[in-house]
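**Student:** The lines below spell out each chain.
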Amino acid sequence: MEFYRSHVLICGGTGCHSSGSGEVMETFKSELAKHNLENEIKLVQTGCFGLCAVGPVVIVYPEGAFYSRVKDEDVSRIVTEHLLKGRIVTDLLYHDSVHEDEAIKSLNEVEFYKKQMRLALRNCGVIDPEKIEEYIAFDGYKALGKVLLEMTPEETINLIKASGLRGRGGAGFPAGLKWEFTAKAQGDKKYVCCNADEGDPGAFMDRSILEGDPHSVLEAMTIAGYAVGADQGYIYVRAEYPIAVKRLTIAIAQAREAGLLGRNIFGTDFSFDIELRLGAGAFVCGEETALMASIEGMRGEPRPRPPFPAVKGVFGKPTLLNNVETYANIPPILLNGPEWFQSIGTEKSKGTKVFALGGKINNTGLVEVPMGTTLREIIYEIGGGIPDNKEFKAAQTGGPSGGCIPAQHLDTPIDYDSLTQIGSMMGSGGLIVMDNENCMVDIARFFLDFTVDESCGKCPPCRIGTKRMLEILERITQGKGEEGDIEKLQELGRSIKSSALCGLGQTAPNPVLSTIQYFREEYEAHIRDKRCPAGVCQALLQIIIQAELCKGCGLCIKACPVDAISGERRSPHVIDQSKCIKCGACLEKCPFKAIVKG
Amino acid sequence: MSTSILQDNKEKFAELQRIIDEYKDKEGPLMLILHKAQELFGCLPVEVQEYIAESLDIPLTDIYGVATFYSQFTLQPKGKYTIGVCMGTACYVKGAQAVLDELSKEIGIKPGETSEDFVFTLEATRCLGACGLAPVIMINDDVYGRLVPSDIKGIVDKYRGR
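As you go down the protein sequences, you meet chains X and Z in turn.
Here the working numbering runs 5 ahead of the position in the first sequence, where the first position is 1.
Here the working numbering runs 11 ahead of the position in the second sequence, where the first position is 1.
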C-alpha cells in the first residue's frame, strides 16, 4: 500500500460543491503536480463535514488543519506553505479552530463539533464515498458479515428491537417492529425499500448520508433483506439530488463487483440486489403508500392503510420501508450491540438525531446530537447563535408537517415525544431558525401554499380544506382579515387533521395551529390593526420617514422609482403612501437610518 | 398519431424504441422510460406519450396521468436555461421571494413561464438542499448562493447571448 505523508480532505457535499469545491479540487491537483507532490500527498474528495456555512471546507491531516471558505486562489498558498514547507496558513483556518496561542484545536474541540455525536454521519467527511475500500476499512460490511455468518434472521430482528431504534423519517415508529411485521408476513416475494425522497424543505441529512456514505445504506438494506426474507431492494431517491444518485450508482456497482450484492453473498445461500428508482418532483411521494405507487411507475397517490406495507406493499408484496438515516444507524448497532445504543438518548428516544440547521443562524449545516439535547444547545452552542445578535423568535421543526417552537421552549430536551407535546414534531429533522424579522403568519401561509401545491388531490379534506385555510391566510396577510378568522382556521385545521387520508394532509394544519398557539397576538395585529409587526407582509407595510431623524438630504427622493417622496432640502421629507410601492429603495439609501418599515 | 413529428424526429424515436426495449421487462418501467424520454426530447409531447402507450400497451390516459402528476415532467418545451429559485424554508426566510421577484422583473416573465425566445424558463423550485448557502438559485447545473436582488442582473447577463 502506498504511504502518504499528508492527506488533504476536500468536502464534496452539495453545499461545498455549490460554493466551488470542485474547482478547488482541480486546482489542488494541478498545484500538487506542479510541485511533484502527487506521491506524497493524497487528495480525497469526501462527503459532507456538516459546516456548510463556511464552505468549501478543506481539512489537512495529520495536523487536522481546518481551512474554511477556501477559494481557488488560496490553494497555491496552502500547497507551497503548508504542504511543502510545513507552515500552516493560519489566516485561512476556520476562526474557531485556532487557540489564542495559534495552536490548532482538534475537530472535537471546535464549538460546532464539541457537543455532536456522529453515528449516522460517522463516515461523512471521513471517507471517499466513491471507494468501497475506504468504507470497508472503517468496518464497512462487517455487520453484514456478522449477520449472515453468525446470526439467524430472528436474532437480527430481536437485536434491532432491543436497541430501541425508531424510524428517523418523522413518525418515529419502532424500526425493529416494522422488520418483525414484514418478516412474519406471508408472501412468495418480499421487498426492502429505502425512502430517500427527502422532500421537507430545509432538510438535507439523507442527501448528505447518500452522498457521503452510500455503502452504509446498501449494507443496512442487505441486512434487512436477510432479516425479513427479501431478495430485492429499491432505493427511491429524489431526482433533485444528482450527486446522491451518481454516488449510489457507483456504490451499487462496486458492491456487486465485490460480491456484497448479488448472488450468494459471503458464500451463503442469501442473495440480494438493489435498484434505484428516481422520483420526479412530488412531495407526497415521501408518504409510504404513495412512494410505493411511484416505484411501480404510477401516479404517487396514497391509499388507505391497512393493509400496511409490511403486508401489502410494492407490487402487492410484503415490503419493509425505512428512511435513509434509519438504515445508516443499523450497522453500528449490530457491531456495538443494543446496550450501547440504548445508553444514548432519552428514555423513549434512543440514539442520535441529525438536524439540518438553516435560516437565521450562524453555523448553517448538518449536526448530529444525542436525543435529549436542548434547542438552546443546538442553536446557541453548536449553531453559534443568530447573526447580528438578533433575538430568537422561533425554531421551525418538521417542515410542512411540523410547527414553530417559541423561545419559552428553548430548554426542552428534544426527542420525538417532547416535540409532539409542544405542538411540533421531529419530522425528518429540518430546523429553521427565525428572528424578529420573520412574520409567523407569513410562515404559516408559506407552508400552506406548499401543501396546497403538493396535495395529490385524492381526498377532499386535504384537497379542499388546505385550500380554504390558505385563502384565509392570504386574506389576513393582505390586510383583509376578519374577526373569527383565527377560530375558523383552528376548526378547519382540527377537522383536516382527523379526516385526511395520509400523513401529508393529517399534518398539514400543524404550521398554522402551532403559530396560532404561540403567536396569536401576531395574527390579531394583522386582523385588527392591519399591521405586520415583523414588517414582512407587503400589503400591510408602511414605509415612514421619521421626521426627527431626517436631515433632508434628498437621497431618498432620488432613489424612489415612483416619485412618492417629496420635501424641501434640509427639512424633513414625507412619503406619499398612495404612490409608495414599498420597494424599500429609499430605506437602503438613507444615511441617517431615518426611514423605517412598520 | 400525427406522422409529421415521427418523420421529423426519426432518429429520436428510434432511440426511444431502444430505451423502451431496454426497460420494458423491468417491474413498473413507466417512470424510468418517461425520465429517459424527457431527456431525449426535452419534454413529453403527446406524440411521445402515444408512442410509449402503444409500445408498452398501456392506455394513453395512464401515461398522461403520470406525466402531469409529477412536477418534473413537462409537456411544453423549456428554454435553453432553466432558472430554478429555491423556495425551501431556509431560502424563503432569507429572502428568496425578493430574488424571485427580481428575476421575474429582469427577464420579464412570471414563474412557470418561458421567455418568447426560449432562452430562459423561470421556476420556483422545491428545496435544493443547499440550505447553507441560502438563498440559492440554479441555472441548469450552475448554483449561485448567498444572493441579494442586486446580484441578479449580473448573473442573468452572463447567460444572455451565450
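Treat the hints with caution; some may be incorrect.
One side only, chain Z facing chain X, incomplete, derived with CB under 10 angstroms [to be verified]:
{"id": "1", "residue": "G39"}
{"id": "2", "residue": "S66"}
{"id": "3", "residue": "D68"}
{"id": "4", "residue": "P70"}
{"id": "5", "residue": "L71"}
{"id": "6", "residue": "G76"}
{"id": "7", "residue": "F80"}
{"id": "8", "residue": "Q87"}
{"id": "9", "residue": "M98"}
{"id": "10", "residue": "Y103"}
{"id": "11", "residue": "K105"}
{"id": "12", "residue": "G119"}
{"id": "13", "residue": "C138"}
{"id": "14", "residue": "L139"}
{"id": "15", "residue": "Y170"}
{"id": "16", "residue": "G172"}
Under the rule of at most 16 angstroms between Cα atoms (straight-line distance), these lysine to aspartate or glutamate pairs were calculated in the EDC-like manner [claimed, not checked]:
{"id": "17", "chain 1": "X", "residue 1": "K194", "chain 2": "Z", "residue 2": "E33"}
{"id": "18", "chain 1": "X", "residue 1": "K322", "chain 2": "Z", "residue 2": "D152"}
{"id": "19", "chain 1": "X", "residue 1": "K251", "chain 2": "Z", "residue 2": "D112"}
{"id": "20", "chain 1": "X", "residue 1": "K151", "chain 2": "X", "residue 2": "E301"}
{"id": "21", "chain 1": "X", "residue 1": "K587", "chain 2": "Z", "residue 2": "E113"}
{"id": "22", "chain 1": "Z", "residue 1": "K21", "chain 2": "Z", "residue 2": "E38"}
{"id": "23", "chain 1": "X", "residue 1": "K587", "chain 2": "Z", "residue 2": "E38"}
{"id": "24", "chain 1": "Z", "residue 1": "K35", "chain 2": "X", "residue 2": "D274"}
Hints in this document: simulated from the structure, not taken from any laboratory.
Glycine included, C-beta positions come from ideal geometry on N, C-alpha and C.
**Student:** Each hint needs a verdict: does it hold in this structure or not?
**Tutor:** Status of the hints after comparison with the structure:
1. With 10 angstroms as the threshold, the beta carbon of G39 (chain Z) comes within range of chain X, its nearest partner Cβ sitting at about 4 angstroms, so the hint holds.
2. The interface hint given for S66 (chain Z) is violated, since its Cβ lies 14 angstroms from the closest Cβ of chain X, which is over the 10 angstroms cut-off.
3. For D68 (chain Z), the interface hint is violated, since its Cβ never comes within 10 angstroms of a Cβ in chain X; the closest pair sits about 14 angstroms apart.
4. Checking P70 (chain Z) against chain X by beta carbon gives a least distance of about 12 angstroms; that is not within 10 angstroms, so the hint is violated.
5. The beta carbon of L71 (chain Z) comes no nearer than 14 angstroms to any beta carbon in chain X, farther than 10 angstroms, and the hint placing it at the interface is violated.
6. For G76 (chain Z), the interface hint holds, since its Cβ comes within 10 angstroms of a Cβ in chain X; the closest pair sits about 5 angstroms apart.
7. With its C-beta approaching chain X no nearer than about 4 angstroms, F80 (chain Z) sits inside the 10 angstroms limit, and its interface hint holds.
8. At a threshold of 10 angstroms, the smallest CB-CB gap from Q87 (chain Z) to chain X is about 15 angstroms, leaving the interface hint violated.
9. A least Cβ separation of about 8 angstroms between M98 (chain Z) and chain X falls short of the 10 angstroms threshold, and the interface hint therefore holds.
10. Checking Y103 (chain Z) against chain X by beta carbon gives a least distance of about 6 angstroms; that is within 10 angstroms, so the hint holds.
11. A least Cβ separation of about 7 angstroms between K105 (chain Z) and chain X falls short of the 10 angstroms threshold, and the interface hint therefore holds.
12. Because the closest C-beta pair between G119 (chain Z) and chain X is about 17 angstroms apart, greater than 10 angstroms, the hint is violated.
13. With a cut of 10 angstroms, the hint placing C138 (chain Z) at the interface with chain X holds, because the nearest CB-to-CB distance is about 4 angstroms.
14. The beta carbon of L139 (chain Z) is positioned within 10 angstroms of a beta carbon in chain X (closest approach about 6 angstroms), and the interface hint is therefore held.
15. The closest approach between the C-beta of Y170 (chain Z) and any C-beta of chain X is roughly 17 angstroms, which is over the 10 angstroms cut-off, so the hint fails.
16. Here the hint on G172 (chain Z) is broken, as its CB sits about 24 angstroms from the closest CB of chain X, past 10 angstroms.
17. A C-alpha spacing of about 24 angstroms is found between K194 (chain X) and E33 (chain Z), which places the hinted pair above 16 angstroms, so the restraint is violated.
18. For a cut-off of 16 angstroms, the pair hint linking K322 (chain X) to D152 (chain Z) is broken: about 38 angstroms separates their Cα positions.
19. This hinted pair does not check out: K251 (chain X) and D112 (chain Z) have alpha carbons roughly 33 angstroms apart, beyond 16 angstroms.
20. The suggested pairing of K151 (chain X) with E301 (chain X) is violated, with an alpha-carbon distance near 33 angstroms, which exceeds 16 angstroms.
21. Straight-line distance between C-alpha atoms of K587 (chain X) and E113 (chain Z) comes to about 14 angstroms, which keeps the hinted pair within the 16 angstroms bound.
22. For the suggested pair K21 (chain Z) and E38 (chain Z), the alpha carbons sit about 28 angstroms apart, so the restraint of at most 16 angstroms is broken.
23. Of the pairs offered as hints, the one joining K587 (chain X) and E38 (chain Z) is violated, with about 55 angstroms between alpha carbons and a cut-off of 16 angstroms exceeded.
24. For the hint linking K35 (chain Z) to D274 (chain X), the alpha-carbon distance of about 29 angstroms lies beyond 16 angstroms, and the restraint is violated.
Taken one by one, the earlier hints fail for this structure at numbers 2, 3, 4, 5, 8, 12, 15, 16, 17, 18, 19, 20, 22, 23, 24, listed in ascending order.
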